[in-house]
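When you get a sec, could you build the whole thing from the sequences and use the hints?
Residue numbers (UniProt numbering), protein chains in the order written: chain X, 1 to 225; chain G, 1 to 225.
Do not rely on the hints blindly, as some may be mistaken.
Identical copies carry no separate label here, and so any pair may be met within one copy or between two of them.
[What the hints assert, rightly or not] The calculated lysine-lysine pairs, modelled on DSS-like cross-linking and capped at a C-alpha distance of 30 Å, are:
(1) K7 to K142
(2) K140 to K7
(3) K142 to K47
(4) K140 to K189
(5) K41 to K105
(6) K100 to K7
(7) K120 to K7
(8) K41 to K174
(9) K120 to K143
(10) K41 to K189
(11) K80 to K41
(12) K142 to K189
(13) K142 to K53
(14) K63 to K140
(15) K143 to K63
(16) K27 to K54
(17) K47 to K140
(18) K41 to K140
(19) K140 to K53
(20) K174 to K80
(21) K27 to K174
(22) K120 to K198
(23) K100 to K47
(24) K27 to K120
(25) K7 to K174
(26) K27 to K53
In short, the hints are calculated from the structure, not lab data.
Listed here are the chains, written in short residue letters.
There are 2 protein chains.
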Amino acid sequence: MAKAELKLLGTWSSPFVLRIKWALQMKGVEYDFIEEDIQNKSPLLLKYNPVHKKVPVLVHDGKSIAESLVILEYMDETWKENPILPEDPYQRAMARFWSKFGDEKCLPSIWRVFTAQGEKIGQALVSASENLMILEGELKGKKFFNGETLGFADISLGWIVNMVILLEEILQLKMIDEQRYPSLSAWMKNFSNFPGIKDSFPPQDRMLTKYRTLREALLATRGSN
Amino acid sequence: MAKAELKLLGTWSSPFVLRIKWALQMKGVEYDFIEEDIQNKSPLLLKYNPVHKKVPVLVHDGKSIAESLVILEYMDETWKENPILPEDPYQRAMARFWSKFGDEKCLPSIWRVFTAQGEKIGQALVSASENLMILEGELKGKKFFNGETLGFADISLGWIVNMVILLEEILQLKMIDEQRYPSLSAWMKNFSNFPGIKDSFPPQDRMLTKYRTLREALLATRGSN
Numbered sequence: 001m002a003k004a005e006l007k008l009l010g011t012w013s014s015p016f017v018l019r020i021k022w023a024l025q026m027k028g029v030e031y032d033f034i035e036e037d038i039q040n041k042s043p044l045l046l047k048y049n050p051v052h053k054k055v056p057v058l059v060h061d062g063k064s065i066a067e068s069l070v071i072l073e074y075m076d077e078t079w080k081e082n083p084i085l086p087e088d089p090y091q092r093a094m095a096r097f098w099s100k101f102g103d104e105k106c107l108p109s110i111w112r113v114f115t116a117q118g119e120k121i122g123q124a125l126v127s128a129s130e131n132l133m134i135l136e137g138e139l140k141g142k143k144f145f146n147g148e149t150l151g152f153a154d155i156s157l158g159w160i161v162n163m164v165i166l167l168e169e170i171l172q173l174k175m176i177d178e179q180r181y182p183s184l185s186a187w188m189k190n191f192s193n194f195p196g197i198k199d200s201f202p203p204q205d206r207m208l209t210k211y212r213t214l215r216e217a218l219l220a221t222r223g224s225n
Numbered sequence: 001m002a003k004a005e006l007k008l009l010g011t012w013s014s015p016f017v018l019r020i021k022w023a024l025q026m027k028g029v030e031y032d033f034i035e036e037d038i039q040n041k042s043p044l045l046l047k048y049n050p051v052h053k054k055v056p057v058l059v060h061d062g063k064s065i066a067e068s069l070v071i072l073e074y075m076d077e078t079w080k081e082n083p084i085l086p087e088d089p090y091q092r093a094m095a096r097f098w099s100k101f102g103d104e105k106c107l108p109s110i111w112r113v114f115t116a117q118g119e120k121i122g123q124a125l126v127s128a129s130e131n132l133m134i135l136e137g138e139l140k141g142k143k144f145f146n147g148e149t150l151g152f153a154d155i156s157l158g159w160i161v162n163m164v165i166l167l168e169e170i171l172q173l174k175m176i177d178e179q180r181y182p183s184l185s186a187w188m189k190n191f192s193n194f195p196g197i198k199d200s201f202p203p204q205d206r207m208l209t210k211y212r213t214l215r216e217a218l219l220a221t222r223g224s225n
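Here it is as structure tokens:
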């Protein structure tokens with residue numbers, strides 16, 4: 001695969017973009033990364049993702065694919081080396097199920113914790129903890145979601161590692177402790193220490209500055225409504 | 001495939017269940033349908049979909065799969081006859097993209113029209129029409145989403161046909177007219193006249209009674225808040 005044929009439009013700090021970077025890294029596929037400014041979307045982004053106008057977008061030989069979970073499926077079907085989905089249909093269904101659960105339930109509920117203030121933090125924590133406890137149950141006795149091998153669901157849910165750091169540092173909130181979430185805590189370590197994943201997390205200080213500013217801006221907007 | 005090995009837990013009126021019925025019909029796979037009462041969930045449903053406690057759930061040889069789009073993927077990987085996803089990875093990505101767009105954008109926006117009252121109907125219509133116009137653009141010059149063959153995206157978006165009837169009959173609202181949406185109108189006809197699909201829509205009078213009652217109940221609840 002020549003480098004020029006593959007472009008990833010993204011932002012360095014998006015959890016949805018990060019999962020594509022992780023998968024590309026695992027596949028060993030070379031690509032050009034094009035940093036987007038979400039406040040000032042480029043003509044390229046509007047051209048390649050006219051429906052959602054969001055990152056990530058993967059552009060392969062001029063054809064564009066949007067929606068990060070759709071991109072992951074495309075990648076696994078296009079570059080067969082180091083498959084991220086298992087072979088067995090039922091195991092594949094489980095990987096998709098947990099990825100969808102992560103995007104539709106976990107991420108919004110943890111985001112509500114992150115953007116809550118005062119008493120509302122406690123309420124948001126209840127719902128986020130319920131979702132995390134479901135993941136804890138699923139991961140019990142397993143190194144990764146599919147067992148011994150890091151794959152689709154791990155890559156999809158890897159944003160949890162970052163989010164937990166942001167909550168700890170910005171809200172001083174220990175979201176996932178080892179006593180309550182032994183399996184999830186172990187999974188976070190297994191995931192973030194995995195070769196290829198380990199080195200492709202964004203720099204922590206930069207993440208903290210970015211999300212601290214974002215949170216303050218969101219709270220200020222909300223306050224003025 | 002022996003009949004006893006495959007169960008579908010669902011309700012006759014759910015658009016998410018209907019798509020599984022259509023796909024099973026296309027695959028020619030025999031199954032047992034178990035009608036659930038969503039107001040009084042069965043121990044079977046709670047056992048087989050403990051995370052979401054929602055229908056549809058497909059139970060195949062004792063193993064359960066939830067989330068209708070995940071089930072469709074599982075079905076296509078398990079019963080290879082009459083594939084619903086195309087072979088080409090890019091075309092597969094497009095089928096997934098439009099199905100996701102349907103579930104995450106179109107369906108909620110049309111549901112907001114259906115459950116709106118008075119002036120709010122107009123506001124809800126603006127957003128729903130924008131989404132439908134995107135589908136109109138995508139379907140231009142094509143019989144089905146993937147071209148000549150009915151497949152994954154058509155099955156996923158088939159609920160539109162029912163929803164349009166409900167809006168016309170219950171709200172007296174012509175959501176999709178042939179002049180403004182020629183391609184989408186043609187697709188609706190192509191889809192609902194397709195062998196196997198045609199005969200598996202729920203009876204219209206029963207749908208109307210069900211959704212008229214549901215809408216009234218929702219509006220009454222909202223009014224009392």
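Right, here's what the structure says about each hint:
Within a single copy, K7 and K142 get their C-alpha atoms only as close as 34 Å, which misses the 30 Å cut-off; across copies the closest is 29 Å, which meets it. Only between protomers do K140 and K7 lie at most 30 Å apart by alpha-carbon distance; the minimum there is 28 Å, versus 37 Å within a single protomer. In this assembly of identical chains, K142 and K47 lie within 30 Å of each other by CA distance solely across copies; the values are 22 Å between and 42 Å within a copy. Taking CA atoms no more than 30 Å apart as the test, K140 paired with K189 passes inside one copy only; the shortest distance there is 14 Å, against 49 Å between copies.
Taking the shortest Cα distances, K41 and K105 sit within 30 Å of each other both inside one copy (28 Å) and across copies (21 Å). For the homomeric pair K100 and K7, the shortest alpha-carbon distances inside one copy (25 Å) and between copies (23 Å) are both at most 30 Å. When the C-alpha separation of K120 and K7 is checked against a cutoff of 30 Å, the pair qualifies neither within a copy, at 41 Å, nor between copies, at 42 Å. Proximity of K41 and K174 under a CA criterion of 30 Å is satisfied in neither setting, with 35 Å inside one chain copy and 35 Å between copies.
For the homomeric pair K120 and K143, neither the shortest alpha-carbon distance inside one copy (34 Å) nor that between copies (50 Å) is at most 30 Å. Taking the closest pair of Cα atoms, K41 and K189 never come within 30 Å of each other, the shortest separation being 35 Å inside a single copy and 38 Å across copies. Proximity of K80 to K41 under the C-alpha cut-off of 30 Å is found in neither arrangement, the shortest distances being 33 Å within a copy and 42 Å between copies. Taking identical chains as interchangeable, the C-alpha atoms of K142 and K189 lie at most 30 Å apart only when both belong to the same chain, with a minimum of 13 Å there against 49 Å between chains.
For a Cα distance limit of 30 Å, the shortest separation of K142 from K53 across copies, 24 Å, qualifies, whereas the shortest one inside one copy, 37 Å, does not. In this homomeric assembly, K63 and K140 come within 30 Å of each other (Cα to Cα) only across copies, at 19 Å, whereas the closest approach inside a single copy is 40 Å. Taking the shortest alpha-carbon separations for K143 and K63, only the inter-copy value of 22 Å comes in at or below 30 Å, while the best intra-copy value is 36 Å. Taking the closest pair of Cα atoms, K27 and K54 come within 30 Å of each other only inside a single copy of the chain (24 Å); across copies the shortest separation is 35 Å, beyond that limit.
Taking identical chains as interchangeable, the C-alpha atoms of K47 and K140 lie at most 30 Å apart only when they sit on different chains, with a minimum of 18 Å there against 44 Å within one chain. In this assembly of identical chains, the alpha carbons of K41 and K140 lie at most 30 Å apart only when taken from different copies (27 Å versus 42 Å within one copy). Taking the closest pair of Cα atoms, K140 and K53 come within 30 Å of each other only across two copies (21 Å); inside a single copy the shortest separation is 38 Å, beyond that limit. Proximity of K174 to K80 under the C-alpha cut-off of 30 Å is found in neither arrangement, the shortest distances being 39 Å within a copy and 47 Å between copies.
Taking the closest pair of Cα atoms, K27 and K174 never come within 30 Å of each other, the shortest separation being 33 Å inside a single copy and 49 Å across copies. For the identical chains of this complex, K120 and K198 are neighbours neither inside a copy (34 Å) nor across copies (49 Å), given an alpha-carbon limit of 30 Å. For the identical chains of this complex, K100 and K47 are neighbours both inside a copy (27 Å) and across copies (20 Å), given an alpha-carbon limit of 30 Å. In this homomeric assembly, K27 and K120 never come within 30 Å of each other (Cα to Cα): the closest approach is 42 Å inside a single copy and 49 Å across copies.
Proximity of K7 to K174 under the C-alpha cut-off of 30 Å is found in neither arrangement, the shortest distances being 37 Å within a copy and 42 Å between copies. When the C-alpha separation of K27 and K53 is checked against a cutoff of 30 Å, the pair qualifies only within one copy, where the shortest distance is 26 Å, while the shortest distance between copies is 36 Å.
Against the hints set out earlier in the document, violations occur for numbers 7, 8, 9, 10, 11, 20, 21, 22, 24, 25.
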